[in-house]
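> Chain by chain, the residues run as shown.
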Amino acid sequence: MSRVLVGVKRVIDYAVKIRVKPDKSGVVTDGVKHSMNPFDEIAVEEAVRMKEKKLASEVIAVSCGPSQAQETLRTALAMGADRAIHVEVAGAEYDTLQPIHVAKILAKLSQDEKADLVIVGKQAIDDDSNQTAQMTAALLDWPQGTFASKIEKTDGALTITREIDGGLEVIKTKIPAVLSADLRLNEPRYATLPNIMKAKKKPLKKVSAKDLGVDLAPRIKVVSVEDPPVRQAGSIIPDVDTLVAKLKEGGHV
Amino acid sequence: MLTAILQTKYYYQKHKMLRDISAAIIRHTALSRRHLTPELVLRLITPECPLWRAKEGESPFRDPFWAFYWPGGQATARYILDNQDLVKDRNVLDIGCGCGAGSIAAAKMKAKYVLANDIDHHALAATHLNANLNGVLIDTSSKNLIGTKCEEFNVILIGDMFYDEDFSQTLFKWLIKLHEAGKTILIGDPGRHGLTEKRRRHVQMLAEYKMPRESQEENNGFTKTKVWKLNKLI
Chain U
7 MSRVLVGVKR VIDYAVKIRV KPDKSGVVTD GVKHSMNPFD EIAVEEAVRM
57 KEKKLASEVI AVSCGPSQAQ ETLRTALAMG ADRAIHVEVA GAEYDTLQPI
107 HVAKILAKLS QDEKADLVIV GKQAIDDDSN QTAQMTAALL DWPQGTFASK
157 IEKTDGALTI TREIDGGLEV IKTKIPAVLS ADLRLNEPRY ATLPNIMKAK
207 KKPLKKVSAK DLGVDLAPRI KVVSVEDPPV RQAGSIIPDV DTLVAKLKEG
257 GHV
Chain P
125 MLTAILQTKY YYQKHKMLRD ISAAIIRHTA LSRRHLTPEL VLRLITPECP
175 LWRAKEGESP FRDPFWAFYW PGGQATARYI LDNQDLVKDR NVLDIGCGCG
225 AGSIAAAKMK AKYVLANDID HHALAATHLN ANLNGVLIDT SSKNLIGTKC
275 EEFNVILIGD MFYDEDFSQT LFKWLIKLHE AGKTILIGDP GRHGLTEKRR
325 RHVQMLAEYK MPRESQEENN GFTKTKVWKL NKLI
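For the protein sequence lines, the chains are U and P, in the order given.
Per the working numbering, the very first residue in the first sequence carries number 7; after that it's consecutive.
Per the working numbering, the very first residue in the second sequence carries number 125; after that it's consecutive.
Among the hints, a few may not be true.
[To be verified] Straight-line Cα separation of at most 30 Å, DSS-like style, residue types lysine-lysine; simulated pairs:
1. P:K348 with U:K59
2. P:K353 with U:K120
3. U:K227 with U:K216
4. U:K211 with P:K212
5. P:K334 with U:K206
6. U:K60 with P:K353
7. P:K322 with U:K59
8. P:K307 with U:K159
9. U:K114 with U:K216
10. P:K138 with U:K59
11. U:K110 with U:K39
12. U:K211 with P:K138
13. P:K322 with U:K206
14. U:K180 with U:K110
15. P:K179 with U:K59
16. U:K212 with P:K179
17. P:K273 with P:K334
18. U:K39 with U:K180
19. U:K23 with P:K179
20. P:K236 with U:K204
21. U:K206 with P:K348
22. U:K211 with P:K236
23. P:K334 with P:K307
24. U:K206 with P:K353
25. U:K254 with U:K227
26. P:K273 with U:K206
27. P:K334 with U:K204
28. U:K206 with P:K179
29. P:K297 with U:K212
30. U:K212 with P:K348
31. P:K212 with P:K301
32. U:K211 with P:K234
Read the hints as simulated data drawn from the structure, not as lab findings.
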């Protein structure tokens, strides 16, 4: 049976209207509703289902971030993860935390915890990076199955259906492996009160990036964050001839 | 004169709060005997209650630990009911009483005095309701007694509290001091991570019980629960 490590990220809730800070350094996060990245919920759900099917022995949830990341970890525990590891990253270091750092952290933890499956969401809805799974696999030198919409496990091997441009691709990999969850992989369960309360008594360990030997120095600098351009008003045209003339005029045809 | 008026006003407000909380607890819980101590009927959130299916943010109560009968608490109460000599004619302090089962078991086994302690007022209201249902009288207090001398008490009950590492450390240090002062310390715990190898060297397991299906923690969780006595000082 596998030991599964699941990476979860605390992001601004998908339903919130994002506001850019006046100084263009980022978006407003203070006082804004946050939740678990939706693709990470799908990753947790898949890991818990593996445990229920006795394909996995233990599910460990990991999150990198400030103290509020523990709320996200408690949600993972309430969904059925067995224990959680909070890699505490706060303040300026958190503002510049990037997939390369998270990948190094997940790779180190996978080795320390003797996990043989790492599952993360395909991308986070705040940065849309879509890099963590791939980088983690490379660092560990493990095969990767990204954009997974179906995962089948047999002893020591995985059959993964991937969502790609143009359709579906089926690949086979050995275990250990790194997977990233796509939208259609599953429908995550809601955490209900009895499980939320049980989760409060499950182990949550706190570590630092330094403890793991990971350097959090940024490799990328954010120059500015801006709103998308405001959509220009259109005009109503009386007939097709006028439309063709306008298109030629604008150099579109 | 003014002090008397203010005290009465405070007393009335405190009682009104207790009445409101009790009404809310009654509304959201059901009577249950489906646990290790079916001799006791307890108000708990069970699968019959709408709150059993409540999602994050839908519960009117914050952290209702008292609405669930934890494996550690079940072990302690079971052991007391099976071993009357432990509490008979003695003064019992129940730390983190939750639904109050440990205190109620002690009162039923003819303890001289029982104090149920929890910092959550809802737990104390639930304890009063449950004590009434089981025909016993118990005192309650919301003061944080951890770290204090507890001179009036001979027996201390701890039900399922070793789930946070920092808290476990504080708790264990205090329990050892109380044990050194000659008190009986009873710990109910399924074997949570806070009951580390090192700490287990200080305790002796008194009993182990298989949990009823309803109380078993899902999948790889605990199927058995245990009660321990603090007795070896290193």
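> Would you mind marking each hint as holding or not holding in the structure?
Evaluation of the provided hints:
no.: 1; hint: P:K348 with U:K59; result: holds (22 Å)
no.: 2; hint: P:K353 with U:K120; result: violated (35 Å)
no.: 3; hint: U:K227 with U:K216; result: holds (22 Å)
no.: 4; hint: U:K211 with P:K212; result: violated (41 Å)
no.: 5; hint: P:K334 with U:K206; result: holds (22 Å)
no.: 6; hint: U:K60 with P:K353; result: violated (36 Å)
no.: 7; hint: P:K322 with U:K59; result: violated (34 Å)
no.: 8; hint: P:K307 with U:K159; result: violated (54 Å)
no.: 9; hint: U:K114 with U:K216; result: holds (12 Å)
no.: 10; hint: P:K138 with U:K59; result: violated (51 Å)
no.: 11; hint: U:K110 with U:K39; result: holds (28 Å)
no.: 12; hint: U:K211 with P:K138; result: violated (39 Å)
no.: 13; hint: P:K322 with U:K206; result: holds (23 Å)
no.: 14; hint: U:K180 with U:K110; result: holds (21 Å)
no.: 15; hint: P:K179 with U:K59; result: holds (24 Å)
no.: 16; hint: U:K212 with P:K179; result: holds (26 Å)
no.: 17; hint: P:K273 with P:K334; result: violated (34 Å)
no.: 18; hint: U:K39 with U:K180; result: violated (40 Å)
no.: 19; hint: U:K23 with P:K179; result: holds (23 Å)
no.: 20; hint: P:K236 with U:K204; result: violated (34 Å)
no.: 21; hint: U:K206 with P:K348; result: holds (19 Å)
no.: 22; hint: U:K211 with P:K236; result: violated (42 Å)
no.: 23; hint: P:K334 with P:K307; result: holds (28 Å)
no.: 24; hint: U:K206 with P:K353; result: holds (25 Å)
no.: 25; hint: U:K254 with U:K227; result: violated (42 Å)
no.: 26; hint: P:K273 with U:K206; result: holds (29 Å)
no.: 27; hint: P:K334 with U:K204; result: holds (18 Å)
no.: 28; hint: U:K206 with P:K179; result: holds (15 Å)
no.: 29; hint: P:K297 with U:K212; result: holds (22 Å)
no.: 30; hint: U:K212 with P:K348; result: holds (28 Å)
no.: 31; hint: P:K212 with P:K301; result: holds (23 Å)
no.: 32; hint: U:K211 with P:K234; result: violated (42 Å)
Violated hints, listed in ascending order, are 2, 4, 6, 7, 8, 10, 12, 17, 18, 20, 22, 25 and 32; each of the other numbered hints is respected by the structure.
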